[in-house]
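Visitor: Now for the letters of each chain:
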Amino acid sequence: MKSRLRFVLQLSFTLLVCLFMIVPVAMSVMAGLTENYFVGLESGLTLRWVDEVWHLYADTIWLSIKLALACLLITTLIGIPAAYGLLRSRRRWANAIEELLLLPVAVPGLATALALLLAYGSYREFRGSWLFILVGHVLFTLPFMVRAVLSVMQTAKLPQLEEAAASLGASFRQRFFGVIIPNCMSGILAGALMVVTLSIGEFNITWMLHTPLTKTLPVGLADSYASMRLEVGSAYTLIFLVMVVPLLVAIQWAGRLTEQRR
Amino acid sequence: MSSSVSITLNQCSRTFAGGTTALQPLDLQVNAGETLVLLGPSGCGKTTTLRIISGLESPDKGGQVLFGERDVTALPIEQRDVGMVFQNYALFPNMSVADNIAYGLKIQRLPRAEIAQRLDEVMRMVDLQGFGDRRIDALSGGQKQRVALARAIAVRPKVLLFVEPLAALDAKLRDRLRIEIGQLLRELGTTAVYVTHDQNEAMALGDRIAVMQAGRIAQLGTPQEIYHQPANAFVADFIGAVNCLDVISTRADGGLAVHGGELRASHLQGVSTVYCRPEDIQVVPLDQADIKGTVVQSIFLGQSQRLMVDTGNASPLQIEAPSRQQWPNGSAIGLALPSHVVFHPDKPTAPVDAKEAANG
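These protein sequence lines map, in sequence, to chains A and B.
Note that the numbering used here numbers the first sequence so that position 231 is 231, with each residue one more than the last.
Heads up: take any position in the second sequence, counting from 1, add 1000, and you land on the numbering used here.
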């Protein structure tokens, strides 16, 4: 009886917490789909606001996707060799570098952005292009890629596999692409999903670095909240959710994949 | 199969960063087609020696590694044409059994038909027919090590190297795979170097054994030489069990007075300690005994029993006795030690007495 009561209490508490977090999201989504939020649902459902957002902000969405993919490409190209280097290097050095890598995550994004502005702001062309924002995003997301790949590398006994491959005549290139990369694929996948999600949602650094011509989705969101009808901002949020929720689900899935391999 | 090659190490030493010396300057010759076992406790330098042969590690400056006449010191492992079997299998988990075995063949870019034919051949040799499509994590430990073995021999290496390949397996499987590896090595005739800390493995597989201690070779010889004529007390103690008897005094007639009695061992004049193996000591009636003592413990081993006999010696003598006879603690026991079973590393062994041999 007692355990039953405890179960009911636990369940209701969990549901309460879920409601507390989900209701605002649901309300926001509804706001983006109702004709007039202040009148309520009676005013009818519509995709008008979503359509309007698309007309006003489509370029921010495309830019965000472009940034996320470019960011993914660069973090993959830098992150995997970096993780491998950390794996093979001496422990003391590796630890120091791993901690340094985390700095951009620990330091407020605004500070990182300010430092970038101070250092490179005077290069007009660069400062005005989307590549400037890309630098910020790479700084911020790289540690997540390195960490994800490194943790899988450490559990996969890679040095031994590499020795075995070498004894069979495989050159470094053959070992790297034939043995190392395939055996830390789950880490690369987890890192990649993380990088894309973080890049799409990144606001702090981007807000400091953007120009009116290089607005990303989150910056556009802030803009619409400040200057548009509530319904428009909410519809915008809806679009953001549609983009990000599948990525979050995929991250969970990739995480499970990694655990299974162990 | 491939023509075998000899291995020569000239003055190969290895010092790690931080100054620890893993290997003292070492000269070693492995004859073509021979299986040499490097045997010793952990940290003795046996694995380092093998890694220097493989090319995974380089000797300190001045060291030289030769395969046949060819100096391979500067070559990395992938250019040395070696096959290696590791303790933890080191199979590629992203590939099937067949892909693992064929990995080296694909690296060599052999024609597809030849790869298939060789795959078939080695899988038959290690008794893995029908396992080609299995995933690595669906195999037992013994099967994994067979795959590793097949993968190493598939490339027909000049030299086969084994790093404690059976250490991760349970006892029964270990025995079986040891026999199979022995047959395989004889069949292939490939020069092999085998690292282990297990003396049974060493004696069963080695044409010769190098017993290593603290970065040096303590003794290099056939299993028989190592066992019956150990070069020093360390080797005697590491290979099998050995009793050390303190010599109290030497008699004028050549007898050696030890605790509990006297030994006839005229070939061992002037030593302070003599050695003998537990299985070489015979239990005899008290009136025929060379040495008398008291049983302090008996350990039943199934096929025999190990008796600990106190004779007043610094450590009790270990004796291998038939398992059916009962020896309660405290009972008096008589022991015979024929002169040819008593030895000292610095002295030649005594010839087997014909009469004693006939009796024994």
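No lab work stands behind these hints: they were computed from the structure.
Among these hints, one or two may not hold up.
To be verified - Simulated restraints, written as ranges between beta carbons of each label pair:
(1) B:E1069 to A:S151: 46 to 54 angstroms
(2) B:G1018 to A:F177: 51 to 59 angstroms
(3) B:T1273 to A:R91: 44 to 52 angstroms
As the list claims (entries may be wrong) - Output of the computed footprint for chain A on chain B, the stretches with three or more beta carbons under 8 angstroms from beta carbons of chain A:
(4) 1087 to 1099
(5) 1189 to 1201
Quick caveat, the model's predicted, so the values are computed rather than measured.
Just so you know, even glycine gets a beta-carbon here, dropped at the ideal spot from N, CA and C.
Visitor: Checking against the hints above, which ones are violated?
Guide: The structure breaks hints 2, 5; every other hint is satisfied.
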